[in-house]
Structure formats: structure tokens, C-alpha cells
Amino acid sequence: MNFPAELKYSKSHEWVKMIDDTTALVGITDFAQSELGDLVFINLPAEGDAVTKEESFCDVESVKAVSDVMSPVTGTVAEVNSELEDEPQKLNEAPYEAWIAKISDISDFEELLDAAAYEAFIQK
Amino acid sequence: MGSYVPNTMDQRKAMLDVIGVSSVDDLFESVPHEMLVGDGLKLPNGLSELEVRAKVTAMAERNRVYKTILRGAGAYRHFIPSVVKSVISREELVTAYTPYQAEISQGILQSIFEYQTMICMLTGMDVSNASVYDGGTAAAEAITMCKDRKRRKAYVSACANPDVIGVMKTYCFGSDTELEIIPEKDGRTDLEALKAMVGDDAACVYIQQPNYYGNVEEAAAIGEIVHAAGAKYVMGVNPIACAIMETPAACGADVAVGDGQPLGLDIAFGGPYLGFMAATKAMFRKLPGRIVGQTHDVEGNVGYVLTLTAREQHIRREKASSNICSNQALCAFATGVYMTAMGEEGLRQAATLSMSKAHYLAGELEKIGMKRLHDGEYFHEFVTACDKPEAVLKALDDQGILGGLPVEGGILWCVTELVTKEELDRAVAIIKEVG
Amino acid sequence: MKLIFEKGAPGQHLSLMPPCDVPVVTPKRPRTEPLPLPHVSETELTRHYTALAKRVHGVNDGFYPLGSCTMKYNPKINEDMAALPGFTQVHPLQPEETVQGCMEVYAEAERLLDEITGMDAMTFQPAAGAHGEFTGLLLIKAYHHHRGDTARTKIIVPDSAHGTNPASAVMAGFSVVNIPSAPDGCVDVEALKAAVGPDTAGLMLTNPNTVGIFDKNILEITRIVHEAGGLCYYDGANLNAVMGVVRPGDMGFDVIHLNLHKTFSTPHGGGGPGSGAVGCKEILRPFLPGPVVVKGESGYHFEKPEHSIGRVKDFYGNFTVVVKALTYILTLGKEGIPEAAKNAVLNANYMMKRLKEKYTMAYDEICMHEFVMCLEDLKEETGISAMDIAKGLLDNGIHPPTMYFPLIVHEALMIEPTETESKETLDEACDVFLKLWDLAHTNPQALHDAPVTTPVRRLDEVGAARNPVLRYTTE
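Protein chains in written order, with the working numbering: chain A, 1 to 124; chain B, 1 to 435; chain C, 1 to 475.
Errors might be hidden in some of the hints.
As the list claims (entries may be wrong) - Chain A side only, calculated, beta carbon under 8 Å to chain C, not exhaustive: (1) D38; (2) V40; (3) V63; (4) N81; (5) P88; (6) F109.
Hints listed in this document are in silico derivations from the structure and should not be mistaken for laboratory results. Here the structure is a predicted model, which means the values were calculated and not measured. Glycine is no exception: its CB is placed at the ideal position from the N, C-alpha and C atoms.
Could you put together the complete structure from these sequences and hints?
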């Protein structure tokens, strides 16, 4: 399983890629996609939505389950990756390219882990 | 006593021995004893099949079956080809469960896929679900499809069927949704009032075509008003009328719903019927209930499955937009057989016959002084003024004819292809006698 | 198999409609799109649908131990009675004096089912179990609102509940408080005590619960909710275990729904029509959906209850389904009703005992009408999941049990044999289950490959959901 060093990770299995001090891309980790199985749909948030750290901001569907994706940050949805609506399989195939949302005006973070710490966390 | 328990006392004893208890009562040990029904329920003794047949048949005989029915108002007695009942009385179809085990349920799944296709053809819409309970609940579910965070309010035309409005009201009481009634003007939805009412909090507007009084609404014009306000347009339609009238899709509907009863289902004192729901492609994920999709198996054979199930209650639980599980599968099967049997020509003919005969009756009634209450176009129902509706209906009733439904201002009549010209002439003669 | 649209040829049709005997009238704004319905002969039509019927597994095709669904035998007399023209050819808006028989059906069904459930009044408008839940919860909402108690906005639901319970609660405008089950699968009484309060509108419960166990604390549970000012809702999905033995009304429930298509033998029709009759205690009667049938001096008439929540369905309900259920209740009667429940429980315990030889039970104690097996250890040992066993059953002519429910048991298979199966059938089914357990150890690949004898094999559900094809098109 792959955990790029330049990303930060949440304990609820999202990754965060900082673009500048208050803007970041958010997606789900390789571990998350493998646990969830083949994803068939994503209910994306709407641009302009306020998101709060450790609260659900969208959900992903497999054939048999629906799972919340938690926001690792508090801020505003600036952009969503609407390609995922037609090709949810990208979340499985390339989880670190398949960003879900770009969050701006970030005012708060949950405690994020670096790649090594996250890898250790999921092995527990 | 009648019983469908096959095991003999000896077999039951052998099973108890295997379990390791001495009596069946021991299996109910966890039920607090003070709660047990001691001396038995106050129920009649069980009956043999012969006795029960006599008893229930006697109840059926206490109902009046009219040879001629000139009443609709939401339930329409149309012709049902013999093949419909022959096919849907197949035991497999009657007794099967929901097709969760796709490999042994292809017959039901394929029938629903065909049903979905036919509903799309009939309404002109892109996507249909596998059906819901009835026309009223379909209309109520459509409101939920249209609501979003900003648009929370629903509007319904006063010219819709009052039962359907009633169901919508109850569902809105549940979801704490505001539901406003768009007033009627001369038997149709008041367009000016509608324009003034819908604002940027409007989620959707529901109208019925043809409406409760049988009148044809200016459906396309209403669609433009609704869309100009940014709301969704929900049309409740008569499926038979769809064969010859402008379709909901052509009128700009985002969601088309209705009761499928006219498509081969008995009037049966109000049910079971089915509610159909179809939508534009943009809204297909908002459809409630089951949907069947086409796929293939591991060997590449085409097959069908229940799909997009993560929208539904068994997966999404409290986050589901609807709690519905069942569709009216056997009723959907029946309507599929009906539409196949009728084909395009047959369905158009049923619609044209109904419309033409209704117009004939209206013309004949006018000749004896019973004028239509509203002007303009209508399909197979219409309202006439009537000074003494009770006397008119009683006179028809005495001759085995169920007359129209008394409504405010007169009588709501309905004619389908089942009624012949002779029957209509006879009805008019009887009414003329009343004077 | 081809779709009906791919059969026949333009011009083929049935001869059904006479020519028009009055002047023809057509719409001013006619349909402009084509209406490409099938064009087949009557022979082709009946063959097509017969072929579809053959690709369906009904109760008469073999054992159907689908937990929580009560797939009992559907008596044929029920169908005959529901097909009487005196029922099928009656318009719902006929004058009341011409439909006394239909109203008697509703009144009699209400009287008998009130007695069986310990309720005081009943509505037959709801068309299915979930519809009944929604209706029952609206009764609870209207009750609290009527008393001016609008702070009661929460419905408590155990985590073992059917998914419809929380979904119905939300549709009725409540928020859901999930409480965890105790280790024995029953309600955790301490968790319930902690959850109730002045915001509690009610509790939704199935008893016996979804793991097939009768909650022995039921009186304490309903008392806790009542003392907090809430009402108790009984999900009647599992009534078949206890009908005639113990009544929900005596357990302390205020409102219930019944699945007439489960407990009272009406067929499932491949997913409907059913009937989700809702019964309630006297305190909720004024709120029932209208109209209800009332017996007066000159026969039956319709009335709208004083504070009715309004209608939940057009007309009065799935009428002919109620005819079937009434026929069944009249057939079984006073002795037959408990007889059915007791044999349902006997059959379940017998199967459980036999299967325990190899399978692990989620809750290893006397069960009611159904029991849940946990295949987690089998999966760890052999890689064979609950799904694989289910698919193996298909090749043996048995409809699989309910899979992966309740959610609190991993790799769950939930088995409900019902009372209408013989010992011989149960023995044969047990032999198959045990044979498949062995096969999981000796040749797991055979089970991964199953089914192989069905009209199609395992279908690509992921592909179906990712690229939805939801209708036939000619392109």
C-alpha cells in the first residue's frame, strides 16, 4: 500500500495536500479505498459548503454500503472534482490523484499524521 | 380447524427430542409467564376450506357490481385482456420474494426492466423506478426528490385529485415541509396565481394532467412558469392519456408520476394499484425505491440486478431519503403484460375510445340540459351541472348503472372504452326521465 | 434471454379493441413522440412471460428460509377469495350501501387482528411494512403535538433494527438515537435508561428481535419509555413467532404495524403488493388515517377520525390483500393461530440444533422463529463467506437465508424456516447446509464458482452501479 510522504493523513483515513497555508486538497487514502471495496458513486459536497473538521462532508457508495468521508479541516469547499461522479472507480485506482474537494479559508485542522505515523496507525 | 402445518404429532415429538426439550411450551421459556395468552384468544374457531369459502363469498355478494360504470375520479375500469390475468397468476410470480438473489430471480428482474422501459416510453422520461405503492404516494415521494437545502417549499394545484393532495399533506406533515395549494380558476390551475406564488424557496410544483375534473391543463405553459422560478416541475399523469396526449417530457416535466391502475389492474375497491415514477436523467439518483439495471454475469451473459441500492433504507438507514422497500412488483408485472398486449395501436385506441365516448356523453347530456361546468378541452372525465344529483344517481343506480361522482357544483362523469354507445344512450334516457 | 422489445415484428398484435362507435375526438395537443411498445402476437406474448416466470423461484419451487421475511406457504383459497368479482369489480367510490361486503372485510379483519395483537383500533391504508412504520410514527408525532409536547423529537432505535426503522423515523420528522445491543442481542436496558428523556418521542422495537430472541426484559423496556413520556412502537415483522401466544399490546406497545404478507400468508408477489396494517391503543385512535370503517345501526360507514393525520394512501388500502389475510385468519381460527406460531418456533429450533453440529450460532440459545449463524470463523478458515454458502444453496434448489443482516453479526445468515415446512424438508435442507460446510473445507473453489445451475451466474453488480443501464433503447 502506498502513502506518499508529501501528504498528511487523518485517523479517519483521509489525505490532505496543502496548496498554501489556508488551502488544501482532500481525498481518501489507499487504505480507505481498499477497505471500502469497489466504489460505485460519490455524493460530492457543493461548492460553497462550509465544512467542519471531524464531521462528514460527503459520502461514498459501494454496492453494499455507504460510508461517510470526514473533513480533516474546517473551511469552505472551493472546488469539487466532478469527474468522480462519472468515474468513481478513480477513487479505487488512483486514490491520491482522485482528490474529492479543494477546501479554502481553512481555519482549523484535526491532528494530522505524517505518512510513517499513518502507516503505523493502520497496522495497529 | 384449518392448518397449514404439515408435521404430525409424532414428527413434532421427534424434533423436540433432537432439540432436547419435552414440549413446545419449553421453547417459550423466555416469555414472561404473566404475559402469555392463557385461555386463548377470543377468536372464532377455525374453519374448513368449504366453510371459509362460503363465509367470504357471502361478503363479496354483499357488494354491488355494476354492469355500467360512469365513475372514475382516480380509479378507472378499463378493458383488461385475458392474457394479463393468465400470466400473473403463475405461482412463481405470485409467491416469490423481492429479487435479492438475482441468479434465481431473473424473471422478475427482467420484467421490471421491461416495465421501467415502457414507463419511460409512455411518459417520454429518461428513467423510471420499479414502482411505488400508488399514485398518491408517488406524488408525495416526488416532493422529497425536489427539495434541497435552499428550496424547501412545495406547491400543488387545487385541481389535483383531493386524495392525492391528502397524501401529499400527510407526507409533508411528516417531513415538516410547507405545502401550498395553487388556486383553481374555472376548473383549471390558475396560472396568474401560480406566477405570483412561486419564489426562490420553491422546490417543486405539482399539477395533474388531465386534472381531477378531467380538464386538460396548459401543461407546457405551467412548466415554463415553474422553471422560470427555478423550481422542479412534477406532473401527475393518466397513463392511458399519455398514449395520445402531449407527454410530460414534452411539457417540460422533471418528474412524471401517476397511478398505473388503468394499465390492466382491477379497480378492486381501491387496491392494490401501483405508483409509477419517472424522471429526467439529471434526477435519476433522486428516485426513491428499487431500480433494476442491466449487467452481465461471469460468463458474459446478459442479466439484471437491483442496482443503485446504496440510496435505499437498508444501507443508508436514517440518511435515506425514503423508507420505501417494496415496489408493487406483481402489479408492475401486470402492467407490463398489459402494455405488451395492447401495443402502441391498442393503447392509442383505448385512449381515443375513452376520450371520444366521454365527449359523446357530454354532448348528449347537454342536449337534455346538463351543461358542462367548465369550458375547454377535456379527456375522458368532465363535470356537468346538476340540480338534483341524488335523484339522477338513484335513477341510474336502479337500472344497474353507477353514475358519476357528486362533486361541488355537479357531477364528475367518466367514460372508458368498456362502455358502449347503447349504454350511454340508455343512461341519458334514464336521466331525461328524472327531468 | 431476449427482451420483449426484441421479439415479434411490426404489425404483429392482439385483436382487442372494437372500432369506435361514436364520433372520434382527439387531443388538441397530441403526442408527437413515437410509442415503441412491443409488437408481438398472443402466442409470442404468453411464451415470453411464461419463460420469465420459469426464471423465478417461488415458495412452491422449494424451501425458502429467508429470515425476517416469513416465506410461508400461500394458501390457494386466499387467491380464489380475493379474485371474486364481488371484490375485484367494485369501484372504491361507490355509495356505502353498495359496498357493505368490502367494509365488512375491513371491519372483520380489524376485529380479529386487534384481538391477536392486543390493540384497540387498526387502519389498513398502509401498503407495506415501511409504509406502516411511517404511519405509526406519524401517530406518535400527532399525539405529542396534540398535547402541546413538541419537544419530543427523538426516536430510539436499537442497532439491530431493520433499516426501515431509522429511515421511517426521519421521514416522520424525527431524529434517530441509535442504542447498542447488549451482548445477548437484546436491548441494553442501561443504555436505554441513559437515552430516554424529555425529548423522547418513542422507541421502535422488534420482539422477538432481529436475532430471533424474545427480549425477556420487554415489560421493563416499555415501562422505561412510558415513564419518560414516550410511546412504544412494535415492528410486527416477527409476529409469526408469537401470534396467539403473547400479544404486543400486553408487552406494553402502543402502536404496531403488521406485515400481512409475512405473518398472515398473503403472497409477496416478487416484492409487493403487501399490506402494512397499523394497530394502536385507544389513546392513538383519534389520530388514525382516514377514512376508517365504523359499524352503525344501519350497517357500516366511513368516518374520518377526529384528529386524523390525514391519508397515507389513495382510497383505503391494498384491499384484496386484506381479503387474503382475512381468509387465512378465519381458516386458522382460535387454535390455528397459536399452532402456527408454535410450529414456526419448533421448526427453527430443530434446524438450529442440527446446524449447530458444524456452524457457529451468533447467539447459542433457544431461539424463536428464526436464528442467525455467524460464518466469520468459516471465512477465516476456508475463505468461504456467507455469500458463497448462499450461492451454493442456489445450486441445491434452496432459496438462501437473509445475508449480512442484522448488521451487528458479521458474515450473518439468518434462517427462518416457517411452520409450513415438514420435518422431511428441514432434514433435507440441513443436509445441504452441512454438505456445503464440508465443501468449504474440501473444495472451496467450487463454492466461489457457485451458482452454476442457475439461468445466469454471479452478476457484475459493481459494473451495473458504475454504468447504470436502466432501460432498453434501440441505439
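Cross-check of the supplied hints:
1. Residue-level restraint check for D38 (chain A) holds (minimum Cβ-Cβ distance to chain C is 4 Å; threshold 8 Å).
2. Taken as an interface hint, V40 (chain A) checks out: its beta carbon lies about 4 Å from the nearest beta carbon of chain C, inside 8 Å.
3. Proximity of V63 (chain A) to chain C holds as hinted, the smallest CB-CB distance being about 5 Å (cut-off 8 Å).
4. Using the Cβ-Cβ criterion of 8 Å, the hint placing N81 (chain A) at the interface with chain C is not satisfied: the shortest such distance is roughly 16 Å.
5. For P88 (chain A), the interface hint holds, since its Cβ comes within 8 Å of a Cβ in chain C; the closest pair sits about 6 Å apart.
6. The beta carbon of F109 (chain A) is not positioned within 8 Å of any beta carbon in chain C (closest approach about 29 Å), and the interface hint is therefore violated.
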